[in-house]
Amino acid sequence: MAVRALTELLDSNQVNYHCYNHPPTATAAQTAQSTHIPGDHMAKTVIVSVDGELAMAVLPANEYVDPDRLRQALGARHLSLAREDQFRDRFPLCEVGGEPPFGPLYNMRVFIDESLLKQDWLAFNAGSHTEVIKMGMGDFLKLSRPESISFAMRH
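Residues in the sequence shown are numbered from -15 upward in steps of one, following the numbering used here.
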(Lines of atoms letter the chains of each structure in order from A and count residues from 1; the text may use other names and numbers.)
(Lines give C-alpha, C1' and ligand atoms only; values in the text may rest on other atoms or scores of the structure.)
Protein backbone atom coordinates (compact mmCIF):
# COMPACT_ATOMS: atom_id res chain seq x y z
CA MET A 1 0.00 0.00 0.00
CA ALA A 2 0.95 3.67 0.09
CA VAL A 3 2.65 3.37 3.45
CA ARG A 4 5.36 1.25 1.82
CA ALA A 5 6.32 3.91 -0.75
CA LEU A 6 6.29 6.51 2.00
CA THR A 7 8.39 4.47 4.43
CA GLU A 8 10.87 3.69 1.63
CA LEU A 9 11.22 7.46 1.04
CA LEU A 10 11.72 8.08 4.75
CA ASP A 11 14.16 5.18 5.16
CA SER A 12 16.21 6.18 2.11
CA ASN A 13 16.56 9.66 3.64
CA GLN A 14 17.45 8.22 7.07
CA VAL A 15 14.44 9.83 8.75
CA ASN A 16 13.37 8.79 12.24
CA TYR A 17 9.62 8.14 12.30
CA HIS A 18 7.01 5.99 13.97
CA CYS A 19 4.15 4.22 12.20
CA TYR A 20 0.97 3.56 14.15
CA ASN A 21 -2.06 1.43 13.31
CA HIS A 22 -5.43 2.50 14.66
CA PRO A 23 -9.11 1.64 14.21
CA PRO A 24 -10.60 3.12 11.00
CA THR A 25 -11.51 6.81 11.24
CA ALA A 26 -13.26 9.13 8.78
CA THR A 27 -11.68 12.49 9.64
CA ALA A 28 -8.30 13.78 10.74
CA ALA A 29 -9.85 15.03 13.99
CA GLN A 30 -11.15 11.50 14.71
CA THR A 31 -7.73 10.07 13.87
CA ALA A 32 -6.09 12.49 16.29
CA GLN A 33 -8.53 11.48 19.01
CA SER A 34 -8.14 7.74 18.29
CA THR A 35 -4.34 7.92 18.35
CA HIS A 36 -4.13 10.40 21.28
CA ILE A 37 -2.29 12.90 19.08
CA PRO A 38 -3.08 16.58 19.76
CA GLY A 39 -5.13 18.11 16.93
CA ASP A 40 -2.55 20.83 16.37
CA HIS A 41 0.08 18.13 15.65
CA MET A 42 -2.15 15.96 13.43
CA ALA A 43 -1.78 17.23 9.86
CA LYS A 44 -4.55 16.72 7.36
CA THR A 45 -4.10 16.88 3.62
CA VAL A 46 -6.80 18.66 1.63
CA ILE A 47 -6.56 18.45 -2.15
CA VAL A 48 -7.28 21.78 -3.84
CA SER A 49 -7.50 22.92 -7.43
CA VAL A 50 -5.44 26.07 -8.04
CA ASP A 51 -6.13 27.55 -11.47
CA GLY A 52 -6.82 24.02 -12.72
CA GLU A 53 -3.77 22.36 -11.13
CA LEU A 54 -4.11 19.99 -8.17
CA ALA A 55 -2.13 20.80 -5.03
CA MET A 56 -2.04 19.79 -1.37
CA ALA A 57 -3.08 22.09 1.46
CA VAL A 58 -1.67 20.76 4.74
CA LEU A 59 -3.06 22.07 8.00
CA PRO A 60 -3.84 21.00 11.58
CA ALA A 61 -6.69 18.51 11.99
CA ASN A 62 -8.60 21.00 14.15
CA GLU A 63 -8.70 23.68 11.43
CA TYR A 64 -10.34 24.20 8.03
CA VAL A 65 -9.03 25.49 4.71
CA ASP A 66 -10.23 29.01 3.96
CA PRO A 67 -10.28 28.79 0.12
CA ASP A 68 -10.55 32.58 -0.40
CA ARG A 69 -7.62 33.25 1.91
CA LEU A 70 -5.49 30.61 0.16
CA ARG A 71 -6.47 31.89 -3.29
CA GLN A 72 -5.54 35.45 -2.35
CA ALA A 73 -2.25 34.39 -0.75
CA LEU A 74 -1.30 32.52 -3.93
CA GLY A 75 -2.49 35.25 -6.26
CA ALA A 76 -4.59 32.62 -8.04
CA ARG A 77 -7.58 33.39 -10.21
CA HIS A 78 -9.54 30.29 -9.12
CA LEU A 79 -9.18 28.00 -6.14
CA SER A 80 -11.57 25.33 -4.96
CA LEU A 81 -11.57 22.19 -2.89
CA ALA A 82 -11.04 19.35 -5.35
CA ARG A 83 -13.71 16.70 -5.84
CA GLU A 84 -12.70 13.08 -5.23
CA ASP A 85 -13.21 12.22 -8.91
CA GLN A 86 -10.63 14.89 -9.80
CA PHE A 87 -7.82 13.33 -7.76
CA ARG A 88 -8.66 9.68 -7.00
CA ASP A 89 -6.44 8.39 -9.84
CA ARG A 90 -3.52 10.57 -8.73
CA PHE A 91 -3.10 8.45 -5.57
CA PRO A 92 -3.46 4.87 -6.83
CA LEU A 93 -2.28 3.15 -3.63
CA CYS A 94 -4.14 5.44 -1.21
CA GLU A 95 -7.59 5.35 0.25
CA VAL A 96 -9.46 8.54 -0.67
CA GLY A 97 -8.98 10.92 2.24
CA GLY A 98 -5.84 9.14 3.45
CA GLU A 99 -3.36 10.90 1.16
CA PRO A 100 -0.03 11.62 2.88
CA PRO A 101 1.20 15.24 2.63
CA PHE A 102 4.17 14.47 0.38
CA GLY A 103 3.51 16.31 -2.87
CA PRO A 104 6.85 15.36 -4.44
CA LEU A 105 5.69 11.70 -4.44
CA TYR A 106 2.69 12.74 -6.55
CA ASN A 107 4.16 15.62 -8.57
CA MET A 108 2.09 18.18 -6.65
CA ARG A 109 2.79 21.48 -4.92
CA VAL A 110 2.35 21.48 -1.16
CA PHE A 111 1.11 24.45 0.85
CA ILE A 112 1.49 24.22 4.63
CA ASP A 113 -0.40 26.47 6.98
CA GLU A 114 1.95 28.55 9.12
CA SER A 115 0.16 27.45 12.30
CA LEU A 116 1.45 23.90 11.79
CA LEU A 117 5.04 25.16 11.61
CA LYS A 118 4.90 26.03 15.32
CA GLN A 119 5.17 22.31 16.10
CA ASP A 120 8.44 20.39 16.32
CA TRP A 121 6.76 17.20 15.08
CA LEU A 122 3.64 16.19 13.19
CA ALA A 123 1.60 13.11 12.38
CA PHE A 124 -0.45 12.36 9.26
CA ASN A 125 -2.33 9.65 7.40
CA ALA A 126 0.01 7.26 5.65
CA GLY A 127 -2.27 6.48 2.70
CA SER A 128 -5.10 4.85 4.61
CA HIS A 129 -7.65 5.49 7.34
CA THR A 130 -5.85 3.06 9.69
CA GLU A 131 -2.16 4.07 9.53
CA VAL A 132 -0.47 7.19 10.84
CA ILE A 133 3.15 8.29 10.61
CA LYS A 134 4.71 10.60 13.20
CA MET A 135 7.96 12.41 12.36
CA GLY A 136 9.98 15.54 13.06
CA MET A 137 8.91 18.77 11.40
CA GLY A 138 12.40 19.46 10.04
CA ASP A 139 12.51 16.17 8.14
CA PHE A 140 8.98 16.72 6.87
CA LEU A 141 9.87 20.16 5.54
CA LYS A 142 13.02 18.86 3.87
CA LEU A 143 11.21 16.02 2.06
CA SER A 144 7.85 17.61 1.23
CA ARG A 145 9.25 21.04 0.31
CA PRO A 146 6.04 22.94 1.18
CA GLU A 147 5.31 26.59 0.62
CA SER A 148 4.38 28.25 3.93
CA ILE A 149 1.17 30.31 3.80
CA SER A 150 -1.50 31.32 6.30
CA PHE A 151 -4.83 29.90 5.06
CA ALA A 152 -6.47 27.93 7.86
CA MET A 153 -9.38 28.90 10.05
CA ARG A 154 -10.40 27.44 13.37
CA HIS A 155 -13.48 25.27 13.88
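Simulated from the structure, these hints should not be mistaken for lab results.
The structure displayed is predicted, hence computed values, not measured ones.
Some hints here could point you the wrong way.
As the list claims (entries may be wrong) - Derived CB-CB ranges, DEER-like:
#1 56 <-> -9: 20 to 26 Å
#2 -8 <-> 72: 28 to 34 Å
#3 22 <-> 122: 15 to 21 Å
#4 56 <-> 18: 32 to 38 Å
#5 22 <-> 59: 28 to 34 Å
#6 -8 <-> 52: 26 to 32 Å
#7 -11 <-> 134: 28 to 34 Å
#8 72 <-> 98: 16 to 22 Å
#9 3 <-> 59: 15 to 21 Å
For each residue, glycine too, the CB sits at the ideal point set by N, CA and C.
Unsatisfied constraints (hint numbers, rising) = Numbers 1, 2, 6, 8, 9 - these are the hints that the structure violates, sorted from lowest upward.
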